[in-house]
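Chains A and B supply the protein sequences, listed in that same order.
In terms of UniProt numbering, the first sequence is residues 1 to 119.
In terms of UniProt numbering, the second sequence is residues 1 to 207.
Wrong hints could be hidden among the right ones.
[Unchecked claim] Here are the simulated BS3-like cross-link-like pairs (lysine-lysine), alpha carbons at most 27 Å apart as the crow flies: (1) B/Lys200 x A/Lys94; (2) B/Lys13 x A/Lys110; (3) B/Lys13 x A/Lys94; (4) A/Lys102 x B/Lys13; (5) B/Lys200 x A/Lys41; (6) B/Lys52 x A/Lys110; (7) B/Lys44 x B/Lys27; (8) A/Lys41 x A/Lys53; (9) A/Lys53 x A/Lys94; (10) B/Lys200 x B/Lys52; (11) B/Lys44 x B/Lys195; (12) A/Lys30 x A/Lys94; (13) A/Lys102 x A/Lys53; (14) B/Lys44 x A/Lys41; (15) B/Lys27 x B/Lys13; (16) A/Lys30 x A/Lys53; (17) A/Lys33 x A/Lys53; (18) B/Lys195 x A/Lys94; (19) A/Lys110 x B/Lys27; (20) B/Lys44 x A/Lys110; (21) A/Lys110 x A/Lys41; (22) A/Lys41 x A/Lys102; (23) A/Lys33 x B/Lys13; (24) A/Lys102 x B/Lys195.
[Unchecked claim] Not the full set, but computed from the structure, chain B residues with beta-carbon under 7 Å of chain A: (25) Met1; (26) Pro145; (27) Ile151; (28) Ser171.
Hint data in this document are derived by calculation from the structure and do not stem from the laboratory.
All residues carry an ideal CB built from backbone N, CA and C; glycine is no exception.
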Amino acid sequence: MAGRGKLIAVIGDEDTCTGFLLGGVGELNKNRKPNFLVVEKDTSITEIEETFKSFLARNDIGIILINQFIAEMIRHAIDAHMQSIPAVLEIPSKEHPYDASKDSILRRAKGMFSAEDFR
Amino acid sequence: MTLVECSENVDEKLLLLMEQLQLLEEKRNTLNTLIEQGWLSMSKARYSMGNKQVSTLQYASEMEPLVRIHVRSQDSGGSEVEFNTVRLETGKDVTSVEDIGPQEEGVRKRTRPKGETATEKQESDKLGREKVPEKKNQVIPQQDPLRWFGILVPQSLRHAQMSFKQVIELSAEIASLQVSLLNTKRELRNRLQDKQAVQKETQVSDR
């Protein structure tokens with residue numbers, strides 16, 4: 001697997017997934033499991049969380065791209081993920097622009113700037 | 001280690017962290033602009049093709065990734081990780097010349113002349129066995145995802161594809177940057193702890 005490289009997984013709305021699949025990231029493996037999830041109005045949070053965790057567990061995925069408004073729904077699961085691989089990247093969606101203050105990574109990086117640290 | 005050295009170490013890491021944060025913000029802005037361009041082009045394509053012509057319904061039943069990520073650990077501990085994208089060629093480029101004619105190589109002789117010896121037979125069997133794996137090694141053509149949406153797709157859909165290809169490459173760079181940012185933050189925290197320990201020591205010795 002290391003020789004072939006890893007995949008990019010996508011959890012997003014229809015337009016985000018279609019765009020990234022156009023870019024050529026899509027895969028259906030031997031078990032017909034896709035590396036993307038199209039989140040629609042009727043998609044439950046449990047389903048999103050389970051898919052996210054299944055992507056984390058797969059060792060053939062290197063990066064998970066997720067719309068920020070969907071990341072907000074499963075924030076606890078994203079905050080709990082501390083490993084470098086797979087890297088989780090929050091991206092904007094059509095209706096929800098990217099907000100850096102909500103990003104898990106940036107909050108982790110900026111979280112240390114307290115008065116206590118610089119005494 | 002003196003207090004001055006500790007402070008210099010902390011300053012060095014803090015400056016690095018600030019630089020990385022700035023770079024990340026720049027890359028993020030570029031990524032957001034590219035994604036917006038991609039959506040706009042996709043909407044234009046929808047306008048000319050019809051609302052339901054660019055949707056999940058057109059996804060292919062078989063998908064092979066055309067982009068893969070190569071993950072490289074830069075240090076032995078594996079904490080510093082770099083992501084690089086590798087794009088595979090699509091089918092159009094891989095099989096540029098179409099094969100015409102029978103798929104099986106050569107013509108089989110079903111009625112053998114009586115004079116054929118046993119050794120010739122063995123040789124021909126051997127050749128036959130050797131030829132079989134060659135066919136398996138042929139490259140399976142990859143389908144360009146643009147073809148899911150039709151043969152003659154509008155130019156705007158091609159533009160959308162170009163934008164998202166750039167977004168994919170940029171997202172790998174951002175992922176690498178995020179990992180190094182978290183590492184720098186960890187190192188900075190360690191240096192701060194070192195500095196605080198030295199500060200305490202000097203305070204005790206002064207008394």
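Quick rundown of the hints versus the structure:
no. : hint                : verdict
1   : B/Lys200 x A/Lys94  : violated, 53 Å
2   : B/Lys13 x A/Lys110  : holds, 14 Å
3   : B/Lys13 x A/Lys94   : violated, 37 Å
4   : A/Lys102 x B/Lys13  : holds, 24 Å
5   : B/Lys200 x A/Lys41  : violated, 57 Å
6   : B/Lys52 x A/Lys110  : violated, 43 Å
7   : B/Lys44 x B/Lys27   : holds, 26 Å
8   : A/Lys41 x A/Lys53   : holds, 20 Å
9   : A/Lys53 x A/Lys94   : holds, 25 Å
10  : B/Lys200 x B/Lys52  : violated, 68 Å
11  : B/Lys44 x B/Lys195  : violated, 58 Å
12  : A/Lys30 x A/Lys94   : violated, 32 Å
13  : A/Lys102 x A/Lys53  : holds, 20 Å
14  : B/Lys44 x A/Lys41   : holds, 24 Å
15  : B/Lys27 x B/Lys13   : holds, 21 Å
16  : A/Lys30 x A/Lys53   : holds, 20 Å
17  : A/Lys33 x A/Lys53   : holds, 14 Å
18  : B/Lys195 x A/Lys94  : violated, 46 Å
19  : A/Lys110 x B/Lys27  : holds, 18 Å
20  : B/Lys44 x A/Lys110  : violated, 39 Å
21  : A/Lys110 x A/Lys41  : violated, 33 Å
22  : A/Lys41 x A/Lys102  : holds, 22 Å
23  : A/Lys33 x B/Lys13   : violated, 43 Å
24  : A/Lys102 x B/Lys195 : violated, 31 Å
25  : Met1                : violated, 19 Å
26  : Pro145              : holds, 5 Å
27  : Ile151              : violated, 16 Å
28  : Ser171              : holds, 6 Å
The structure does not agree with the numbered hints 1, 3, 5, 6, 10, 11, 12, 18, 20, 21, 23, 24, 25 and 27 stated previously, though it agrees with the rest.
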